[in-house]
Every structure is written in C-alpha cells, then in structure tokens.
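Chemist: Quick mapping for you: the protein sequence lines, in order, are chains A and B. In terms of our numbering, the first sequence opens at residue 1 and continues consecutively. In terms of our numbering, the second sequence opens at residue 1 and continues consecutively.
No lab work stands behind these hints: they were computed from the structure. Here the structure is a predicted model, which is why all the values come from computation and not from measurement. Note that beta-carbon positions come from the ideal geometry of N, C-alpha and C, so glycine has one too. What you were told as hints is all true, and nothing was included just to trick you.
Just a few of them, taken from the derived set where beta-carbon distance is under 10 Å, the chain B residues facing chain A:
| id | residue |
| --- | --- |
| 1 | Leu-92 |
| 2 | Gln-153 |
| 3 | Ile-256 |
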Amino acid sequence: MRFIFTILFCFTFCFSIFAASETKNAPKHEWSFTGLNGTFDKSAIQRGYKVYREVCAGCHSMNLLYYRDLIDIGFTNDEIKAIASEYTVIDGPNDEGEMFERPAKSFDRFVSPYLNEQEARYSNNGSYPPDLSVITKAKINGPDYIYNLLLGYVDPPEDFELGDGMYYNKWKEGEQIAMAQPLDEGYVDYDDGTENSLEQLAEDVTTFLVWSAEPELEERKSLGIKVLLFFVVAGLFVFIAKNRLWKSVN
Amino acid sequence: MNNSSDPKKYKNSFLNWIEFRLPIVSYIEREYKDYPMPKNCNYFWSFGAMATILLVVLIVTGIFLAMNYTPHTDLAFNSVERIMRDVNYGWLLRYLHSNGAAFFFIVVYIHIMRGMYYGSYKYPRELNWILGVFIFLLMMATAFLGYTLPWGQMSYWGATVITNLFSAIPVIGEGLKTWILGDYTVGNATLNRFFALHYVLPFVIFGVVALHVAAVHVHGSNNPSGIDIKSKNDTVNFFPYMIIKDTLAICVFGFIIAAVVFFGPNLMAEVDNYIPANPMVTPSHIVANWYLAPFYAILRAVPDKLGGVALMFASILILFFLPWLDRVKIRSCNYRPIFKWFMMLFFVNFFVLGYVGMKPAEGIYLLVARMGLIYYFVFLLLITPFIGRIEKTKKLPLSISNILNNNHSEQNKFQKEVN
Chain A
1 MRFIFTILFC
11 FTFCFSIFAA
21 SETKNAPKHE
31 WSFTGLNGTF
41 DKSAIQRGYK
51 VYREVCAGCH
61 SMNLLYYRDL
71 IDIGFTNDEI
81 KAIASEYTVI
91 DGPNDEGEMF
101 ERPAKSFDRF
111 VSPYLNEQEA
121 RYSNNGSYPP
131 DLSVITKAKI
141 NGPDYIYNLL
151 LGYVDPPEDF
161 ELGDGMYYNK
171 WKEGEQIAMA
181 QPLDEGYVDY
191 DDGTENSLEQ
201 LAEDVTTFLV
211 WSAEPELEER
221 KSLGIKVLLF
231 FVVAGLFVFI
241 AKNRLWKSVN
Chain B
1 MNNSSDPKKY
11 KNSFLNWIEF
21 RLPIVSYIER
31 EYKDYPMPKN
41 CNYFWSFGAM
51 ATILLVVLIV
61 TGIFLAMNYT
71 PHTDLAFNSV
81 ERIMRDVNYG
91 WLLRYLHSNG
101 AAFFFIVVYI
111 HIMRGMYYGS
121 YKYPRELNWI
131 LGVFIFLLMM
141 ATAFLGYTLP
151 WGQMSYWGAT
161 VITNLFSAIP
171 VIGEGLKTWI
181 LGDYTVGNAT
191 LNRFFALHYV
201 LPFVIFGVVA
211 LHVAAVHVHG
221 SNNPSGIDIK
231 SKNDTVNFFP
241 YMIIKDTLAI
251 CVFGFIIAAV
261 VFFGPNLMAE
271 VDNYIPANPM
281 VTPSHIVANW
291 YLAPFYAILR
301 AVPDKLGGVA
311 LMFASILILF
321 FLPWLDRVKI
331 RSCNYRPIFK
341 WFMMLFFVNF
351 FVLGYVGMKP
361 AEGIYLLVAR
371 MGLIYYFVFL
381 LLITPFIGRI
391 EKTKKLPLSI
401 SNILNNNHSE
411 QNKFQKEVN
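Bound-form chain B, shown alone (with noise of 0.2 Å):
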C-alpha cells in the first residue's frame, strides 16, 4: 500500500486523511451541508434543530450540576442551594436546567404540533414519527424523575402520586411499586434509584434523536405543502441556508429564555419545592409539572383509579398508530380544508386539558377536563380514520417551485394593481 491511494478529495491533508479511515467527513458533507431542504420549510422546521441544541444544554448543565448533587434524603435539599449559593455559577446552572427542561417540552410539543399539522408522520415517515413519540415518552420519564431530585414538597409528593398510580395496575400493581421504589414509600432508596436513571435517560435519548435524525435524513425533510420532492429546483442546500433560518430561530428563542432564566427563573416552578420534602405534611394541591399537566388532567379525569392510568397512558400510546389511524394520502392540512379545524382543536383542547390539570380536579374543571378527554380520543380515533370519506381535500400543486412562483406571481399582480 502506498499513501497515493488516498483520495485527494478535500484540500486539507488532515481532513483526507481522516476521510480514508473513517468516511465521516463525507458523512457530515453529505448530511449537514449537501442535504437537500424544501424550499418553502417555514420556521417551523427549525425546532428539531433547536430541541437537538437545548438537549446539550440540558446534558452539559446537568453533568456540572451532578458533580455537586447529594442524592441522600437528608441531603439533596441542601445540596441543591448549596449549588445555588456557593458554586460558582451554580445558580445559573440550576436555573438553565430547570427552565430548559421546560422550554425543551415547549420547543417539542411545537415540533410535534408541526409534524401533525403538515403530516410528516405520513409515509414514508412513519418510523421517524414511531421514534419520536419514543423520544417524548422517554423525556416524560427524565421529567418526571429529574423533578423528584431537589427534595423538595412537590419533589416528594409528586413522586409519591405518580409512583402510586402503578399500584393501581390489576395483580402486579402492588408488587410492581415497592420494585420500582426500591421501599414501601418514596424515601431514600427511591431517590438514590431516580437519580441513577434521570442521569441515564438523557443519553439515551440523545441516542435515540441520532437515529430520528438519521431516519428524517433518508427521504428527507417534510414541508408545508406536505408534496414530495420532484427536482433540485424544489430545494436548497442545508448549509448555508437552513443553517443560518435555524440560527434566526435559535437567537429568537435563546432570548426568551434567557429572559426568563435570568429575569423570572421561578415562573414556571412551583413554590412549595422550596420547602423541604416532609411526609407528614401533604401540600394543599398537589399538582404536575405544568408539561406533563394535560396527562394529569386525563388521570383525574376519569372517576376510577385503573380506568384512568389506563386512559393516561392510552392517550400516549394511541399516538404511536397514528399514521395508520390516518389513510388519506395528502399530507399538510394545507389542503385538508375540514380536518384542518379539528388539527387545530386538538391543538388548543391540549392546551386546555393543561390548564385544568393545573387546577384542582372539581367543579367546572372537572367538567372541561372530561369533555377534553372526549375529544383527545374522538378526534385520534373516529375524526383522523374517518374523515377521509367526507372530506374533499384541495388540490395539490405540481411541485414545490411551483407554488413558490405562484406566490411571487400573485405578489406581482398585487402590486401591478397596487401601481
């Protein structure tokens, strides 16, 4: 073997060299500059960029904020403001943390809005879809656990309603709680055991995004207009183009939340977790993290134990066989002028079902959060499959450089009569 046998394909000898070993830099090339993008994504299509981003920070910040985190029940209360007073930066560390996990379930629920919305879930995109519901699953979990650390009255109580709701499972409920507990009750060997798996977790979902990337990367991106790619004139490069919108989008949103990080970084958490964890002392209402409130809501919602974890977790589970749930062929409600509205109630209904799963579970909110139940499994089950048989959908444009000139054709126009 001689060395000519390099391929002398880039002008840096390092970057050859590498590339005869390992074809990564081809990888990258081919996936992160070449790759090709619909023309018309709007900035929709930046908040996979910017989950990816806000799961480092969330990675970074919580690899530091474990170095100075005590999971012992008489400990990680303090441990959490020592790291809040005497490390340094620990404070905006924590609040970074906190407050970008919150932002990173905003950022999804509007990634997965955006894929119900234009139907990326649709062929040939069904397994990027069943791995992304795969995704929020696993982020529920992190959540969840990450939120019982600081030890606090929330901390504590929640873990001890969401770990009950196990028991309420038929035969192996009892015995499946005390397994997951690691103890009768939430204590010490339950915290130890959540802080093992909220530090695992994350990688974990870092893995499975790779793969969510890789398969999105395959038939390549959706877009409004939900048709396929028919030439290179429907597409630009990723690198410049779609990297500096994503960079647009990132400045916008790296703004608000600083905002809030530095300026309310206790807005969205609850006060009693600044009170220590005590089990003789149950907070007046015990509620859910305001991004998991809309499954509390469906919890409560229905009068009996089993009955409602089971509707919980249906209602997660459902989303996995939706792009069998719906048959018609078109992807963006663009085009669909009916099941466009009712996309857009379900949207608002979950917004609704998190309101009152922040309220105590009485009266009218009860009321709203059955109704809200109703229509979250109305509409996956009888609205999305039958629809199609009432419905008559737009009709689609040729292609998307198309649509793009048809735009600009009418602004001319516009303007012509506007002159």
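Only chain A is shown next, with the shape it has when bound in the complex (with noise of 0.2 Å):
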C-alpha cells in the first residue's frame, strides 16, 4: 500500500509542475476530441480547412501536409484532385533542364503562399507567420490557446502603447501581435449552411488544426483504451495467481 501511495505522489508531484506552467487563466473551450474517447468532428475540420484555405492561407504555410491527407476528413479522390488543381507548384527540371509550373497533385505538399522566409517577412512588415502544421502542439493548451488568441481581438487598455503596425490581442504574450484579426463574423461561407459566426468560425478552424497537428488522434485512443484494458485484465489474473502462490510462502 505505501508503495502505491509512493508512486501516486510521485505522479501528482511530477503533473503539478507541468500544469502549474500554464499561463494566464484564459478560457477553456469545450472540445469533441479531448477525453479519453475523444473523436474528431469531420463536418468541423472540413469546415475549418474552408476557413484555412480561405483566410489563414493568405499568410500561413502548413507545409508537413499533403493533400492527400485530406481523405481523412471525408473528401473523396476526385475533390482532393480538383482542390489541388487549383494550386502551382514549380518542378523540374525536365528533360531540356528547365524549371516549370504545373497544377499541384495529391501527392503535393500544402502549397505555401510565400517561396520563402525572407519574401515571407517582406510581404509582413517584417514578420513571419508561423507554419500551422504543429501549431496546436507547439503552444501551452494549444487548442485553447489557439481559439482564444482568434476570439481575443479587443480595443487596447486606455494606458497600452501598441508597437508600429501591431494589433492588441489579450491572449498574446506581450498583449500585442503583428497578425491583424484574421476572423469576424461572416467572413467565411460555410457550404452545409452552419451559422459562420465568430466563435463557430473559430472553432471549426481550431479543430482543423488539431486534427493537422494530431492525425493519429482517434487511432491513439481507440487503440490506448485496448491496451489499457490489457493491463487491467493481465492484472487481475497475475494477482490472483500471485495472491495463490505466496499464501503458502506466507
């Protein structure tokens, strides 16, 4: 029994130092894909790569994607081939040594919307918009983070001295970004007629970047809850053997 008892302070010591590094009390939102039988909506994560390619795409690269990975959120070949199709990509060389521009395929990465860092900072008073790839697990409570940081665009405190060409956000470390707000109300025309309202716009693109972040989600927990039960089953019966064995010892 100590023993347990030891391992558990152990563990609740070890998990207090990580929680207590979380910043600020910002809002926790609720989520379909936290828990332990945590799903993804697809219906969301479609909606929120509309929101993406319509809006975030202008600045942001996701370039650890392929379009083929969209099968996963419920489009089918043909519309991945047509989404594509709408992008340019540079390949070559061809047989004359020449570099050319043909329509992006499925088995393309995200095209980005700068050919690289340096066009990136120009084009953005200096600052480079972040990969979205990973960005949910690149930030403390990153889903929260995320959909807080969208919602977070409010006026400035009367005192507050914004920097050249940044934008207040309360969510921001330094309460100032160089992202002007990128979402409002409407902004986006969702296809399947849900409400394109701020929050909704919001979550359905937090979600899209969750799934971007994690695509092994549901296949995570579907197989953790086997093989925690595993070790449940596996458990019971080498105690009860246990317990069989070492009454004759004691």
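Grab the two chains, each in its own frame, and use the hints to assemble them into the complex.
Modeler: What follows is the structure, encoded as structure tokens:
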C-alpha cells in the first residue's frame, strides 16, 4: 500500500510541475476531441479547412500536410484532385533542364503562400507568419490558446502603447501581435449552412489545426483503451496467481 | 568421444545438447529460476526488472525510429514529423520512445532511492552501486543526446546551453567544446555525431546493466531489513515467486505508461520543441528535461559558471563514494531512526530541486535552489559520515524469517483482540 502511495505521490508531483507551467488563466473551451474517447467532428474539420484555405492560407503555410491527407477528413479522391489543381507548384528540371510550373497533385505538400522566409517577412512588415502544421502542439494548451487568440482582438486599455504595425490581443504574450484580426463574423460562408459566427469559425479552424497536428488522435485513443484494458485484465489474473502462490510462503 | 558422455540433466534433448557445449541452460536456471530472493522484499525490488524491460523497449523502438530518421539540420524536424504522420504506427514508436525515456528515469530514480534507503550500496555490494551510478551517468548523457535529435527549438538551445558548460573549464574549455561540437556552434556536425552517439550508448548501457545484474547475483539481493540471508527459510526462489510479483508490478506500471503514451503523449514534452530549431530566435526560457532538472537547478544556483559546472558534476560523482561516506554497518534505514528522516528529506529535496530547476532562476526559486544545493551536499558530506556517532540504531532482528513470524504473531494477537 505504501508503495502505491509513493508512486501516486511521485506522479501527482510530476504532473503538478507541468500544470504549474500554464499561463494566465485563459478560458477553457469544450472540444469533441478531448477525453478518453474523444473523436473529431469531421464536418467541423472540413469547415475549418475551408476557413484555413480562404483566410489563413493567405499568409500561413502548412508544409507538413499533403493534399492526399485530406482523405482522412472525408474528401473523396476526385475532390482532392480538384482542390490540389487550384494551386501551382514549381517542378523540374524537365528533359531540357528547365524548371516548369504545373498544377499541384494530391501527392504534393500544401502549397505555401510565400517562396521563402524572406519573402514572407517582406510582405508582413518584418514578421514571419509561423507554419501552422503542428501549431496546436507548439503552444501550451494549444487548442484553447488558438481559439482564445482568434477571439482575443479587443480594444486595448487606454494606457496601452502598441508597437508600430502591431495589434492588441489580450491572449498573446505581451498582449500585442503582428497579425491583424484574421476572422470575424461572416468572413467565410459555409457550404453546409452552418452559422458563420466568429465563435463558430474559430472553433472550426482550431479543430482543423488540431487534426493537422495530431492526425493519429482517434486511432491513438481507440488503441489506448484496448491497451489499458489489457493491462487491467492481465494485472487481475497475475494478482490472483500471485496471491495463490504466496499463500504458502506466508 | 561418444554421445553417452552428454549429461542427461534435462528431459529435452535439445537443451542437453546446448548445455553440454555451452552451459547456458544451467546458468539461466541458477540465476533466474533457483536464485534465492529474500522473502520479505517489497515491490520496490521490482523496479530493477522494470528498468531493464524499459531499456529493451527503448532500444527496440529506437532502432525502428532510426530507420526513418535523418540526422541533418534541414531534414531532422521534418523526418520526425514524417515518422509521426506517414510511417505505420510511427506515432506509437515515437511517443513510446520519448515517454519511455521519461519513465525510464522515473523507474531508475525510484530504484536508486530504494538502494539508498535500504542501504543496498553497503558491503558487499559497493561495486554494484558504482556500476549503477555509472549507468545513471550514461543514461543522462544518452537522454541529452536524444533530446537534440528532433531538432526543435528546445533541442537546439538545450544542446547549446549544455555544450557551453564545457567552455567554463579553464585552459582547455573552448577547445574541448569545439571538439565536442565539431564546429564553433551547434550545427550539422553536432547533430550527426549526437545521433551516432545516441545510437551506440544504449548498447553500452545494456552491457553495464548486464554487469550490474551479474554483480548483484553474486551476494544476492538486499532486502528491507538489510540483514543477510541466514538460511533457506529466509528466501524464496526467483521463479515463480519474484517473477509473478515483478509481472504484477509491470502490469501496474504498464498501465500508467500506456495512459500517458496514448492519452497525454505530450504532457512531459516541451511545447517549444514542436517549433523547428532556429538559431536566430531564443526561446523565452530554456528549460532542461524535467528528469535532469535537479542537476540543472544545482548548476544555476551557483553565481559563478565554472563553480556551477563543477558542483553539478560533483553532485553526481560524489554518489560514487557513498559506500565509503556511510560507515554505519546497519544497512536499512528502518533501523536508523534519525538517519531515516534525513534520507527522506534528501529525497524530497531532490524533487524540490527538480521543481525549481524548471522555473526561471530568479527570486524565490533561486533561493530555494541554493538551499536545496546546500542540503544535497550537507547530507552526503556531513550527515551521512558523522551521524553514526550520535545515532542509536534499533536492534536488528535475528533473521528474515523471524521478522515475518513476528509480524504474523502480532497479526494473530491483533485478530484475537478484535475477536
């Protein structure tokens, strides 16, 4: 018994270390993908992808994703081909040694809005819009952080001094951000008739970003339940066997 | 020579054939079946077995990860992400490997604390303890090297901070640092050699673990009372009695590891490591891996860089001398009423150092780190050698079976009273 308590103590201690490193108490949002059996809402990811494509993709790359990955969120092969062909990639060299442009195919990575970091900085007042592929894993409480950030554009306090070309955002570290408010009510029209309020847009695009950062999430959790069950069942049998064996010793 | 000279020890003729040419069957039988374990060993004695299994898990997952990893500054980050996204069960390999390393440290820390509390480092197991500290050193090096490989922000800056420590050494420092890095700053040459070393060191660890296990089997395992085995009544056979206990412990621990790997795989990771390494941008605070944080706290608690480095290395190296710092013959802290509490405080102090090691080195955290640092050395250099002069130790039981019988008779008495 003492042993179990010691282990528990160690763990609560370890986890309290991680918990303590959280930033100021930002509001928590309800997500479908949290919890033991959390799953993605596929239609939310699809809507979120539309938000990304029409708004975020203007500045932010997602270069860990391939167009073929979209099959996971419910697009058909033909739809993916159609989506990819809207973008142009530079390929080559061809047989004459020339680089050439061609429409993107499903095996291509998401096409970046800028050729390189320099061009991105030049177009954005010196700031570099980060790649969004794993952004929700790159922030503490990533999903909540992104969601709050998108809703966090409010009027600055009167005595607040904004930097040149910066915008006030109450959830950003230092409370100012180089990105202008990217989303607002009605910025994107949904095909499935879902209401396009700011909250809805932010929730959908965050869900999309979580999927892109952790595409294995559903598979991981469903396998996890089985592995945990295995250890419980195996542990019970071993426990019974151990008690029987040791009865004679004690 | 005729075949009749083959001993017919075993029913299975294949085993006899092997045994005659290489007596490995009887070796396994002797060391892992009939090996006598003290009856009173508690579950803390399962952590050695658990650590060995975790080491194997780490080596196996690591080999498969290495098949898909590219040690190049331009490609490393993306190759790790490719493992997570496109390699079959790559996410499982990688999360098992990264969380497995963290749990390896948890298990080994508990194993070390057990060894300290029950005095397993004392005569005749001193060499065993030394081999153990050596494994711990190798583990820390391997973990640090491995942390560099994903080439995220924390990988890059962690490597920069740690390798910078070597430049504090007078005269040869700068040259040594450049020699380790293969460049003037952390770069592609560094990543390449760190990968090569990270691949090979676990096999070295495995070799030392084999020695560590062989050494403990010479004089047998210690036990919670710390007294020697007197007769066969004091022991049980390793198989099946200890094996079944170890298996139960592994099931419980496997459950905990699986819970983290499958439901919170990034709980113990630094978020900054999901940002590709960028030499132009320093993260707001560079934190050590939590399992190395106590030593990082010691490093930063000293205002002088060379002093910090020296004390950090001293804090580990001093452990080698523990068997000679502690002169008291009684092993188990159960029979040392005063030292026991200093020992407990030492463990708590170690956790506290780990906690402040992950916080910025300023204000209250720095103060706590300094107090923790002082207690760390006071405990090992003053309390441990000299407490024996004032401490009145409790009377040791006659034998292990005596303890168990007494417990039983007390239980029986208690039950009679209840009835």
